[in-house]
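Undergrad: Going down the list, the protein sequences come from chains X and A. First residue of the first sequence? That's 1 in the working numbering, and the numbers climb one at a time after it. First residue of the second sequence? That's 357 in the working numbering, and the numbers climb one at a time after it.
Rather than coming from a laboratory, the hints here were simulated on the basis of the structure. Keep in mind that a hint or two might mislead.
With a straight-line cut-off of 20 angstroms between C-alpha atoms, the simulated DMTMM-like cross-links for lysine to aspartate or glutamate are [to be verified]:
(1) 384/A to 49/X
(2) 346/X to 306/X
(3) 624/A to 634/A
(4) 24/X to 415/A
(5) 28/X to 415/A
The following residues of chain A were derived to be distant from chain X, with all beta-carbon distances above 10 angstroms [said to hold, decoys possible]:
(6) 464
(7) 480
(8) 482
(9) 488
(10) 491
(11) 551
(12) 623
(13) 654
(14) 661
(15) 677
(16) 702
Beyond 10 angstroms from chain A on every Cβ pair, some chain X residues (computed) [claimed, not checked]:
(17) 135
(18) 191
(19) 262
(20) 266
(21) 305
(22) 310
(23) 314
(24) 324
(25) 342
(26) 345
(27) 349
(28) 354
The structure presented is a predicted model; accordingly, all values stated were derived computationally and were not measured. Don't be surprised by glycine CBs; every beta carbon is placed ideally from N, CA and C.
There are 2 protein chains.
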Amino acid sequence: MSQFLRPALSALDPYVPGEQPQDKSYIKLNTNENPYPPAPGVLDAITREAVSQLKLYSDPTIAPLKAAIAQQYGLQPENVFVTNGSDETLGFSFLAYADAEHPVTIPDISYGFYKVFAQLFQVAPTVIPLREDFSLPVEKFCGVDSMVVFANPNAPTAIALPLSEVEKIVASNPDHVVLVDEAYVDFGGESAVSLIDRYPNLLVVRTFSKSRSLAGARIGYAMAQPALIDDLERVRNSFHPYNINRLSMLAGVEAMKDTAYFEDCCQKIIKTRRHTAEALKDMGFTLTESATNFLFAAPNVISGKEYYEKLKDRGVLVRYFGTQRLSPYVRITIGTEEEMAVLLEKTREILKEANP
Amino acid sequence: MSQFLRPALSALDPYVPGEQPQDKSYIKLNTNENPYPPAPGVLDAITREAVSQLKLYSDPTIAPLKAAIAQQYGLQPENVFVTNGSDETLGFSFLAYADAEHPVTIPDISYGFYKVFAQLFQVAPTVIPLREDFSLPVEKFCGVDSMVVFANPNAPTAIALPLSEVEKIVASNPDHVVLVDEAYVDFGGESAVSLIDRYPNLLVVRTFSKSRSLAGARIGYAMAQPALIDDLERVRNSFHPYNINRLSMLAGVEAMKDTAYFEDCCQKIIKTRRHTAEALKDMGFTLTESATNFLFAAPNVISGKEYYEKLKDRGVLVRYFGTQRLSPYVRITIGTEEEMAVLLEKTREILKEANP
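Could you put together the complete structure from these sequences and hints?
TA: Here is the structure:
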């Protein structure tokens, strides 16, 4: 840190991405990536000619990608906002709607970046604890007189809120933006997109990183009524209007168009999740009901930390958070059937060692 | 705009990118893109296998690209910061060092985004007018007791400041960051990179969009002492740590490595610039001395606006700004020799029409 950094930022506690150790080859179940490659159309779209055209700027209106997203969800391009990963959508939303005088209400256990954005933009967050069973206490997010941000399904708990409960939160805060982060919704949640035409304060945030197999292309998006999209465009055009590069634009359009491939990948992951969850329950794990592409699982006979470390020793990476309430748990991304078979085999070994 | 947008942002005056009309095919000399494709290694690096790997997140440490940049400039990776276009570097720098209590000093005529960032982050800018001949009044940027941001060479004036003058500004503001935006330096400016080891307050900002033929890949970077880079990393990791996508990472490494191709492209552009500038002078244009990949040129017998419009009618796009002091001028990107021959031919037609 230099002497020049603004004092307000010197206490920043940045987000810590999942580790990417390079010492050997791991089965990577720690960052909620999709185990299946992007849709075949993505591979066909990125030709040598497309790469050669990188000499030219990308389209700052992001028109082709907005059109593809709008068509998929029965919306208009004016309802769609696109960014370099959904973190950027979240960041622009904080910048648009929250500051020292305009606070934000968030759950205590959720995507860690909400607290980081609050710090970065000097927003006082009202942090609402999840219930003992990790469910969201909906009534505490109703009528709160501030912007509300939550993930549905939530992470790392994997739990989904029914749409009727989401609607209660949106309806009870008409004077503030309610941002519903649906990064994982395609794996079993109920989307709030159907509520957009009724609620001018609803902002639904999505990503291509999970269900569209494009984590490395960095594409996030939001859907809302045109006035909210216009707000976010004002921020984007005041930060970097060329935020989507040419190749990600091509990739995103193709990934969004191929509904059959998308649904097939999601169904495979849901099926593998069911098998894996059942097997872990049989081994004595405590699990929440997952509506995501990961499991939130506590081995019980050993700590979350020990389980994480022993899996890592055996070449399987999962995510361990280490805060007090989460310490019995790890977050396990759903990989292929083969990868999860290895996870289960290593887990059996670890439990046997612990309980010989 | 919605009722929810923060009042501070309702007056935002976003940056307006160069137009990209779709009605017909134009010779595009309006956004300072490179007319030559990216280095051959870029085309070879983006394979089907690389595209398939988009299912995985990119490296949040940006290690390969930092290493390639550091090696090119005789620095260490700790001296290098990388972002999604240099606009993001500029934005993060404003966020790190400027706010309502920490102002910034900028030239009145320069890259339009400096004023936009000041608005976005509620920074009061001290705006220093350029001299009558569009040169930078160096003495007015010395000892100003605020962060200083300027472009060298400047845009759209195309004029470069000698390194000794840049050093005066850096040396006279030891308690504040001096950001030198070197987007165009490879076309004839003197870089301040050589000053980095002596000045802890110097931040040199660059882009792959111009001299590296990668405008559509969105890669910007900064070079400075490690403490400044650490500040910017804190902001990046609090905004989006995966800001560089996988394919741009590959493209950037290859573009940075191929010094011979890079120098060849720059030399071709410099040669074409000389021919074009001489021909325009012969036709009575007023031009500044360009150290960039564009010309700042006034036709004199007609207004900048009329010249821009008549060129557009004839299928050649240049950039017209329209503010009072710039109204006699247009900014003309240097394309290929063939493209500039068309520009000159159309210009002759236009002047003949005006002065039959």
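Undergrad: Confirm or reject each hint.
TA: Right, here's what the structure says about each hint:
1. Annotation: proposed proximity of residue 384/A to residue 49/X holds, straight-line Cα distance about 18 angstroms (limit 20 angstroms).
2. For the suggested pair residue 346/X and residue 306/X, the alpha carbons sit about 13 angstroms apart, so the restraint of at most 20 angstroms is met.
3. At most 20 angstroms may separate the alpha-carbon atoms for a hinted pair to count; residue 624/A and residue 634/A meet this at roughly 16 angstroms.
4. For the proposed pair residue 24/X and residue 415/A, the alpha carbon gap of about 16 angstroms is at most 20 angstroms, so the pair holds.
5. At most 20 angstroms may separate the alpha-carbon atoms for a hinted pair to count; residue 28/X and residue 415/A meet this at roughly 14 angstroms.
6. No beta-carbon of chain X is positioned within 10 angstroms of the beta-carbon of residue 464/A; the least distance is around 19 angstroms.
7. No beta-carbon of chain X is positioned within 10 angstroms of the beta-carbon of residue 480/A; the least distance is around 14 angstroms.
8. For residue 482/A, the requirement that its beta carbon stay farther than 10 angstroms from each beta carbon of chain X is met, with the minimum near 17 angstroms.
9. The beta carbon of residue 488/A sits about 31 angstroms from the closest Cβ of chain X, which is more than 10 angstroms, so the claim that it is off the interface holds.
10. Its beta-carbon lying about 28 angstroms from the closest one in chain X, residue 491/A satisfies the requirement of being farther than 10 angstroms from that chain.
11. For residue 551/A, the condition that its CB be more than 10 angstroms from all CB atoms of chain X holds, with the nearest at approximately 16 angstroms.
12. With a closest Cβ-Cβ approach of about 17 angstroms to chain X, residue 623/A is found to remain outside the 10 angstroms limit, as its non-interface label requires.
13. Remark: the non-interface label on residue 654/A is consistent with the geometry, its nearest Cβ contact in chain X lying 26 angstroms away (cut-off 10 angstroms).
14. Against chain X, the non-interface label of residue 661/A holds: every CB pair exceeds 10 angstroms, the least being about 23 angstroms.
15. The claim that residue 677/A lies off the interface holds: its Cβ sits roughly 17 angstroms from the closest Cβ of chain X, which is beyond the 10 angstroms cut-off.
16. At roughly 21 angstroms, the least C-beta separation between residue 702/A and chain X is larger than 10 angstroms, which holds for a residue marked as non-interface.
17. Once the 10 angstroms rule is applied to beta carbons, residue 135/X is consistent with being away from chain A; the minimum gap is 28 angstroms.
18. For residue 191/X, the requirement that its beta carbon stay farther than 10 angstroms from each beta carbon of chain A is met, with the minimum near 21 angstroms.
19. Every Cβ of chain A is farther than 10 angstroms from the Cβ of residue 262/X; the closest lies at roughly 13 angstroms, confirming the non-interface assignment.
20. Residue-level check passed: residue 266/X sits 14 angstroms from the nearest beta carbon of chain A, beyond 10 angstroms.
21. Residue 305/X, annotated as away from the interface, keeps every beta carbon of chain A farther than 10 angstroms; the closest lies near 23 angstroms.
22. No Cβ of chain A approaches the Cβ of residue 310/X within 10 angstroms, the least distance being about 24 angstroms, so the stated non-interface status holds.
23. Distance to chain A confirms residue 314/X as a non-interface residue, since its nearest Cβ pair spans about 21 angstroms, more than 10 angstroms.
24. Consistency note on residue 324/X: stated as away from chain A, and its beta-carbon is indeed over 10 angstroms from all of that chain's, at 23 angstroms minimum.
25. Distance check for residue 342/X against chain A: the nearest CB is about 18 angstroms away, which clears 10 angstroms, and the non-interface claim stands.
26. The beta carbon of residue 345/X is kept farther than 10 angstroms from every beta carbon of chain A, the shortest such distance being approximately 23 angstroms.
27. Look at residue 349/X: its CB is around 27 angstroms from the nearest CB on chain A, clear of 10 angstroms, so calling it non-interface holds up.
28. Every CB of chain A lies more than 10 angstroms from the CB of residue 354/X, the least distance being 32 angstroms, so the non-interface label holds.
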